[in-house]
Amino acid sequence: MLQYILPATGLLFTLENILWINIGVFVGSVFAAIPGLSVILCVILFLPVTYTMTAIPGMMFLLGIYCAGGYGGSVSAILINTPGTPHAAATMLDGHPLSRQGRTKAALKIALYASTFGGIFSALMLLFLGPQVAKVAAQLGTAEYFMVCVFGLTIIAGVSGKSIIRGLVSACLGLLISCIGTDPMTSYDRFTFGIPRLYLGLDLAVCLIGLFALVEILAKAEKSLGELHLDTTKIKDDGKITRQEYKRMARPVLMSSIIGVLVGIIPGTGASEASWFSYNTAKNLSKHPEEFGNGSVEGIAAAESANNAVTGATLIPLLTLGIPGDGTVAIMLSALMINGLNPGLSLFTTDGDIMYAIMLGLILVNLFMFIQGKFLTTLFAKVVSIPQEILTPIIVIFCFAGAYSVNENYFDVAVALVFGALAWILRKLELPPVPILLGLVLGRMTETNFRRALLISNGDPSIFLQSIYCKIFLALIIIAVAAIIRGKLKEQKAAKAAAVQKESN
Amino acid sequence: MKHWVSQFNARMDRWGERLSQKELRIPVDLTVGILFFLFALAILLVMPQQVAISEKDAVNGRAFPTLLMVVMMICCVMLVGKELYKIVTKQPLNWKTINLQTELKALVILAILVVTYLLCRFTDLFVVGAVFCCLGFLVYFRCKKPSYYVITITIAVVIWAAFRFALHVEF
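First to last, the protein sequences are chains A and B.
So the first sequence is numbered by numbering that gives the first Met the number 0: it starts at 0 and just counts up by one.
So the second sequence is numbered by numbering that gives the first Met the number 0: it starts at 0 and just counts up by one.
Just so you know, nobody snuck in bad clues.
Simulated DEER-style distance windows between Cβ atoms:
#1 A:HIS287 to B:SER19: 44 to 54 angstroms
#2 B:ASN8 to A:PHE12: 52 to 62 angstroms
#3 A:ARG242 to B:VAL70: 56 to 66 angstroms
#4 A:LYS427 to B:GLN90: 20 to 30 angstroms
#5 A:THR8 to B:LEU166: 25 to 35 angstroms
#6 B:GLN90 to A:SER503: 14 to 24 angstroms
#7 B:ASP12 to A:LYS427: 23 to 33 angstroms
#8 A:GLN131 to B:GLN90: 43 to 53 angstroms
One side only, chain B facing chain A, incomplete, derived with CB under 7 angstroms:
#9 VAL50
#10 MET77
#11 ILE158
Note that these hints are calculated values from the structure, not bench results.
Given the structure is predicted, the values throughout are model-derived calculations rather than measurements.
Here a beta-carbon is modelled for each residue, glycine too, at the ideal position from N, C-alpha and C.
Put together the whole structure using the sequences plus the hints.
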């Protein structure tokens with residue numbers, strides 16, 4: 000590891016990288032602060048910008064957006080009781096009450112400090128755990144890789160919607176879409192329906208612009224403009240945090256950072272799950288549980304450190320196995336692969352200097368997030384009130400320009416539009432879009448490993464159950480599915496009990 | 000002009016109010032089950048025409064999509080089976096309410112997006128579509144502030160210029 004650190008620092012500390020980190024952090028904070036705009040949307044919109052860059056500045060820019068998005072969501076959650084991003088919902092429970100007590104600046108400061116700690120902790124975990132996991136990944140063969148893909152897809156299908164079956168339908172749809180174009184092994188064309196342009200397949204970024212960005216534009220039909228107008232509370236307090244409050248924050252921050260890392264490593268789970276889990280754990284372990292929900296500093300610190308501790312951890316399965324920890328990092332995979340960097344052990348050996356520069360860069364991203372948060376939070380807060388009339392067409396123009404710029408072809412813009420309309424229909428049918436995204440990302444890898452394994456075994460499917468790793472992953476799939484089904488049944492039971500209680504009242 | 004606009008808006012409001020009361024309820028799981036079962040079946044049927052294979056291939060290009068469609072069909076059967084069981088045992092189904100006003104508004108937004116795309120494509124000038132997009136959405140939101148029109152169109156032109164001259168995208 001040490002032999003890569005020195006060249007990596009040389010590659011990282013350039014003016015270009017520092018500039019792109021700061022642009023990313025700024026853009027990410029602004030996007031996440033605006034309710035209705037998500038971090039995933041921001042990464043999708045700006046992904047085409049990275050196509051002209053080399054790997055390090057491109058990844059630094061996207062990681063800047065990703066990490067700052069974790070903190071930015073808390074700004075609107077604290078100020079206007081509306082989480083800018085879904086994972087800031089737990090922060091809102093105590094952040095806004097603390098703001099109402101006249102301590103807005105203090106609440107924002109706690110969120111920033113906790114986010115920075117969580118982010119740096121997670122980046123260090125990536126730095127130390129990443130290469131070790133990659134060594135294990137290097138021992139996996141084609142059958143094992145197929146099982147890893149199935150494992151990732153199953154968990155994502157299970158946790159991203161209300162029903163695991165509907166999630167699996169979505170995942171199959173995503174995998175099928177990834178089959179469009181040239182067969183990766185024989186070069187015959189598939190599902191092109193006589194459209195010559197489809198021989199090249201569908202570009203991931205273009206599909207995602209439709210699935211995640213344009214669908215949000217169509218969703219404006221669901222809200223009246225009155226609901227979308229927002230006002231910010233003026234930040235007037237001195238933002239002072241007492242020594243005792245710092246002491247009280249220490250334990251939940253450390254514990255939530257560990258929880259965030261553990262949750263982040265599991266594919267399919269993300270910042271939302273981590274922040275809620277950490278929030279509940281902090282509440283159960285606190286000496287002042289009665290303060291939770293009424294402006295507890297521990298509550299804000301726990302939720303914020305957890306959702307930022309996910310950022311580095313989600314990159315561990317991505318960089319080592321090619322399995323994204325969550326939807327946002329799935330998009331980053333294409334930014335890596337466009338520069339010829341493929342996940343696996345080679346990323347930590349052959350391209351070690353670049354990889355270590357990216358991992359060290361994640362620490363730098365968190366430091367710049369802290370600096371920008373310290374001096375620009377008031378500006379981020381003002382951004383919350385940008386009118387939707389202005390914001391909506393601007394997002395559309397970014398979507399269209401992004402889709403076009405991938406191949407400089409209007410065909411891609413049409414594809415994005417089709418995917419936008421498709422996503423709208425799927426939303427009406429309550430089919431989650433995240434498994435489709437994972438299907439698109441993992442499609443080629445899943446199919447190639449599936450077919451190669453069957454070729455090795457002369458078509459005998461028992462190859463997927465032979466090795467110890469296959470058995471481990473099969474056991475993990477069964478345990479995960481059982482846990483997901485148990486969780487869903489519990490949720491249904493609780494909902495039924497709540498409905499019965501409501502009726503009796 | 001002002002009178003005509005307010006008359007038009009009032010008419011739209013009346014239509015909107017009438018439409019907002021019209022709702023469509025669909026049994027969502029049953030619909031998904033049937034719809035995607037038919038979709039998977041259709042894909043399996045078109046597979047021989049759409050996926051060419053060689054006789055020499057031990058595992059050909061149809062294997063993976065076929066596996067996917069079979070999994071999808073199994074999932075669909077499970078969804079439909081679950082809903083049929085609910086019907087038999089007289090349990091409430093999973094319903095989704097679709098508001099016609101919302102869907103019509105979504106169609107208007109989609110129309111703005113499609114016209115923007117067509118303008119970009121046929122004029123081969125992205126900036127023309129971008130300006131139309133701004134105007135379309137501002138009119139859709141019934142924006143009466145001239146400053147918003149100026150700001151939005153200026154930002155649209157700046158984005159086009161950034162992509163055209165800084166990122167060297169030819170449009």
